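Chain G: place on chain W using the hints.
One letter stands for each residue in the lines below.
Protein chains: 2
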Amino acid sequence: MTAHADRLLLGPGPSNPYPEAVEALGRPVLGHLDPDYLALMAEISDRLRAVFGTANELTLPVSGTGSAGMEACLASLLQTGETAIIGVNGYFGERLCEVASRGGAQVVRVEAPWGTALDPADLLAAQRANPGARLLAVVAAETSTGVRNDVAPLAALADTDTLLLVDAVTALGGTELRVDDWKIDACYSASQKCLGAPPGLAPVTLSPRAVEVLRARTESVRSFYLDLGLLHEYYVGASHRYHHTASSTMAYSLHAGLGRLLDEGRDAVWARHASVGGKLQDALAKRGFGLIADSANRLPQLTATTLPEGLDEAPPRRALLQRYGIEVGGGLGEFAGRAWRIGLMGHAANERSVLALLGAVDELLG
Amino acid sequence: MTAHADRLLLGPGPSNPYPEAVEALGRPVLGHLDPDYLALMAEISDRLRAVFGTANELTLPVSGTGSAGMEACLASLLQTGETAIIGVNGYFGERLCEVASRGGAQVVRVEAPWGTALDPADLLAAQRANPGARLLAVVAAETSTGVRNDVAPLAALADTDTLLLVDAVTALGGTELRVDDWKIDACYSASQKCLGAPPGLAPVTLSPRAVEVLRARTESVRSFYLDLGLLHEYYVGASHRYHHTASSTMAYSLHAGLGRLLDEGRDAVWARHASVGGKLQDALAKRGFGLIADSANRLPQLTATTLPEGLDEAPPRRALLQRYGIEVGGGLGEFAGRAWRIGLMGHAANERSVLALLGAVDELLG
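First to last, the protein sequences are chains W and G. Start counting the first sequence at 1; every next residue gets the next number (our numbering). Start counting the second sequence at 367; every next residue gets the next number (our numbering).
Worth flagging that the hints you see were computed from the coordinates, not collected in a lab. Bear in mind that the values here come from a model prediction, so they are computed numbers and not experimental data. Each residue gets a CB set at the ideal place from its N, CA and C atoms; glycine is no exception. Be a bit skeptical, because a hint or two may be false.
Claimed, not checked - Covered by chain G, per the in silico footprint, the following chain W stretches (three or more residues, Cβ under 8 Å):
#1 87-100
#2 127-134
#3 195-202
#4 205-217
#5 223-237
#6 240-250
Claimed, not checked - Using C-beta positions, here's what the derived DEER-type ranges look like:
#7 370/G / 275/W: 32 to 40 Å
#8 446/G / 275/W: 34 to 42 Å
#9 3/W / 675/G: 37 to 45 Å
#10 717/G / 279/W: 25 to 33 Å
Pulled out of the complex, with its shape left as it was, chain W reads as follows:
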């Protein structure tokens, strides 16, 4: 290994963790059935409930990344041949389709062009056309395009037999998300974006209605590792039945990141992301960058932007990393080769990040 690289992480995630979350990584390791570890997990669940805005009992971190959280929800709630209605307007909507299909579900796609928001009316209409659908899934903050999809109107699904599943990987802790108020039945996120911890854990929460669906399954969850019923028994059940060797190292760090977030306050954190993201977006527009999402549906924590005058995105992105140690992401899918994705998330969502990036951009492109 050469000397350690030190990055300002302004890509689509991971972001730079809060100092408290880094410090917590060094704490002595606890066994996965140690009473102190189980108490730590209970506190993490409480903190996650506060951040998700939920009273759901089944609220826990899956031992994997956000994609593991996605697969845990889909695998635990869908049985072979059941229908999943999925909103697709970017890479992570596509991934939801792929994971659901691999798991044996029938997928009904509801699409919008990349860079625009899904119309909740289209999603609700698809549910009326498929009233037996087990769930309807949407990505709240589409990390591939910087688009915010409107989730609140989908609360109407609570009056149907279809569960509402929301991908909050980039949304949670960055922009408004209210699991109980919006009647979300299943929601997953990731530790390394707006929650301000390193990658490795995927917070998940299930409503009582979703837990009923899980309990009423006639087919085993195909995945043992990602079976939310088994995870629930381990973390929350009275017997704490052994399931896997959960990592106190990652748990301590997530606990610390959530603590920092909640000390600041959920509304204040949302406001900080909005303010800092807005500042970046205004400055980019002035420099001739194109903002892919329109202003009504634009995320502050993740900005997808085309470069001025059709510049090839890769060389200046490499220079940002090599010369200044600043990471931004390249475009995905339809925007590959012609866009950047700039994250301002968690601890990195501050004015210093914006100024450092703009200064570097001005030196490279100015």
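Okay, now just chain G, sitting in the frame of chain W:
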């Protein structure tokens, strides 16, 4: 949170990580597509090859615990309805059956009583009776009983169409394991036992023959997260196609743990585990503890032991933790309530651990 607990971890894992592995956790986080991160992953793969004893190109850490490694191998190599022959003489053999069954495979069990070793002749006979079996799986070091299962004779499977899959979760870095010499086609382990890092990563290696099986699948791997083909493209493929947000935090730590192991040397590490485990086992026998595995098949790194005079195992185990901060594990399955499982693994495999534990046992039971 109360003050941080500080444990001597002598249970079935996690063990106390090497100081170098703890220190590495605090390094600046790198993005999952950062060239420095990909170079780190390449070094980790090299180190894993040295520890596994293999030249396999597909050698990488799965972003999950040992159970994720198990499921990644089974899900990636088995298609619906294919046959898996599984050796069962403890809890983790049972888990192999459960994971394979959930995935849609037909399981052929080859059993031995808990606490005894599987007979390789029985396993090979089962393969002759099921020559179309896709794979035969065995746990090299059965963490539930402290029994070593003999893997080397199973190299004969290389002359058949059946792959040899070995669970090395507790074995790797603790006792002899030679992937290429023993013609193992798929092998998985975990970061938190004899490799001396915290939990969170599951090293996996596949032989070229296993990679061929993976490539020749006609059915998608049901799991996206644990699809070893996609992980291979991400970590090893020229394009490093994005799959998930792998954690540089955990990777740095595993890299450091493996470095420490390889600096000591694989043979020396095996000898250290043998020496320290033997010392513990001799001392336990003198105190009237019963060693569950017979001496020919007894692991040094994990000792399953009944207590003297039929003592209830739970109260002294709790006292070890509460009074001395020493963790040992309780019995699993057939040994629940009447055995301890004592790990001496990785950094914790030293004489000081043995003396501290024996001193505490003498105070509590003497």
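Evaluated hints:
1. 87-100: Coverage by chain G holds here, the residue count being 3 at a Cβ distance below 8 Å.
2. 127-134: It is violated, with 0 qualifying residues against the three required.
3. 195-202: It holds: at least three residues are needed, and the segment 195-202 of chain W offers 3 whose Cβ sits within less than 8 Å of chain G.
4. 205-217: This one is violated; 0 residues, fewer than the three required, reach chain G with a Cβ under 8 Å.
5. 223-237: Held - the segment 223-237 of chain W has 4 residues with a Cβ nearer than 8 Å to chain G, which meets the minimum of three.
6. 240-250: With 9 residues closer than 8 Å to chain G, the segment 240-250 of chain W meets the three-residue bar; holds.
7. 370/G / 275/W: 32 to 40 Å: Hint holds: Cβ distance 35 Å, inside 32 to 40 Å.
8. 446/G / 275/W: 34 to 42 Å: Taking Cβ atoms as reference, residue 446/G and residue 275/W lie about 52 Å apart, which means the hint is violated.
9. 3/W / 675/G: 37 to 45 Å: violated (59 Å)
10. 717/G / 279/W: 25 to 33 Å: violated (59 Å)
Comparing the model with each earlier hint shows violations of hints 2, 4, 8, 9 and 10; every other hint is respected.
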